[in-house]
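Student: Sequence lines, in order, name chains A and B.
Using the working numbering, you'd call the opening residue of the first sequence number -15 and step up by one each time.
Using the working numbering, you'd call the opening residue of the second sequence number -15 and step up by one each time.
Be aware that one or more of the hints could be misleading.
In this list, chains with the same sequence are indistinguishable; a pair is considered to hold if it fits within one copy or across any two.
As the list claims (entries may be wrong) - Cross-link-like lysine-lysine pairs, in silico, BS3-like; alpha carbons within 30 Å at most: (1) K86 <-> K146; (2) K140 <-> K68; (3) K140 <-> K46; (4) K79 <-> K146; (5) K140 <-> K86; (6) K140 <-> K79; (7) K140 <-> K153; (8) K108 <-> K(-14); (9) K108 <-> K68; (10) K46 <-> K64; (11) K64 <-> K140; (12) K79 <-> K64; (13) K68 <-> K46; (14) K79 <-> K46; (15) K(-14) <-> K64.
Calculated from the structure, these hints are not laboratory results.
Chain residues, written in single-letter form:
There are 2 protein chains.
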Amino acid sequence: MKMTPMIESFVMHFGEMGSRWGFNRTVGQMYALLVVNQEPLSANDIAEALSISRGNVSMGLKELQSWRLVQTHHVAGDRKDYYKALGSIWDMANKVFEERRKREMDPTLSLLRDILIETPANEKEEYAQQRLSEIHELLESISQWSEELQRLSPEKLNTLMKLGSGVGKVLDMKDKFLKSS
Amino acid sequence: MKMTPMIESFVMHFGEMGSRWGFNRTVGQMYALLVVNQEPLSANDIAEALSISRGNVSMGLKELQSWRLVQTHHVAGDRKDYYKALGSIWDMANKVFEERRKREMDPTLSLLRDILIETPANEKEEYAQQRLSEIHELLESISQWSEELQRLSPEKLNTLMKLGSGVGKVLDMKDKFLKSS
DNA sequence: TTGAAGTTTCAGAAATTATTGAAAGTATAG
DNA sequence: CTATACTTTCAATAATTTCTGAAACTTCAA
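Required output: the full structure, derived from the provided sequences and hints.
Tutor: The following block contains the structure:
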């Protein structure tokens, strides 16, 4: 399992970016490696290709599985587990958005809800609650919206994205034709 | 500058989340503190409220300024600098999305472009390039789309978000009435 | 100028996070 | 069962990131 320079540069880059996307370097590398390989790889293949310890691979796979970004794959008559990246790019993007929503927004939403039911003790707190409720409303909208977008088919999502700034026009149109909805 | 328990719990939580949002704990705390305070605060106020060193505050403010999430504020006859969080919640959300796009997507897009102009050396690389070009296309769409959404007015964005899954219906409508666009 | 009031920088210390590798665990073929 | 081929766990260690605080710097009133 030697990587070609092209593949290696992608894998390493993905490792660096990994930390910005919410997982650590080796997890990023492992995932990139799996995405780019058509055949499933064993944990040992991965450890060897990336020159990292077997234990680290095991932990990384566990994390990728918790993100549901890899599938295991059994080969008849072979006791090893093989791993490959999940289905299509859209599936992957979906999972990443979903996980990030869970990790980045849900805990904050829940804290904000708790704070907002308290009675403000003084003017400072009243102002604070005012701001927090704005944040809460915004986060809630974004969170719900992203859930709804995820339910859209890839085709529709693609149409929507390709629409780009034209979305403004479509919104005007909606007002014209569908006052009721 | 003593925080009330309610404010403190929000500030501390925001610190914890900070790391998931791309800045460190103290930067998150500092930002939360500024959001929740109507009056601008001096660097010393911040250091005192959060019990962190003056130097740390200075670094944090520098970072928040690089994200353009805080404004400085001068008080006549006072040599201190005062800081407050940027305008509305929408402005803040915009900045956060913009920065994250820059940090999380742009470098990857640029690497992918470089890789995709290379000629694949073998079948493995051909498969790899195939997948990378899918990723590239997707990232490019998301990136452009998010830029376009940012240009929309908060009102329109809000309408769009509130539309929720109804967006599917609007898309169908668009096909019916605006075949040309 | 000067010095007081403030800010920034940065080397080292502290805290956190990631990684290794050996030991413990698990499943299966015989 | 038991040996074997594999996986997982986790304590120790390495690497990285964050934080402190003293020193250097800046600005401005007098």
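Student: Against each hint, give a clear statement of whether it holds in the structure.
Tutor: Against the structure, the hints:
no.: 1; hint: K86 <-> K146; result: both (27 Å within a copy, 20 Å between copies)
no.: 2; hint: K140 <-> K68; result: within (27 Å within a copy, 41 Å between copies)
no.: 3; hint: K140 <-> K46; result: neither (33 Å within a copy, 42 Å between copies)
no.: 4; hint: K79 <-> K146; result: both (21 Å within a copy, 23 Å between copies)
no.: 5; hint: K140 <-> K86; result: both (24 Å within a copy, 26 Å between copies)
no.: 6; hint: K140 <-> K79; result: both (18 Å within a copy, 27 Å between copies)
no.: 7; hint: K140 <-> K153; result: both (17 Å within a copy, 10 Å between copies)
no.: 8; hint: K108 <-> K(-14); result: between (61 Å within a copy, 11 Å between copies)
no.: 9; hint: K108 <-> K68; result: between (53 Å within a copy, 15 Å between copies)
no.: 10; hint: K46 <-> K64; result: within (16 Å within a copy, 51 Å between copies)
no.: 11; hint: K64 <-> K140; result: neither (40 Å within a copy, 53 Å between copies)
no.: 12; hint: K79 <-> K64; result: within (26 Å within a copy, 47 Å between copies)
no.: 13; hint: K68 <-> K46; result: within (13 Å within a copy, 43 Å between copies)
no.: 14; hint: K79 <-> K46; result: within (15 Å within a copy, 34 Å between copies)
no.: 15; hint: K(-14) <-> K64; result: within (20 Å within a copy, 59 Å between copies)
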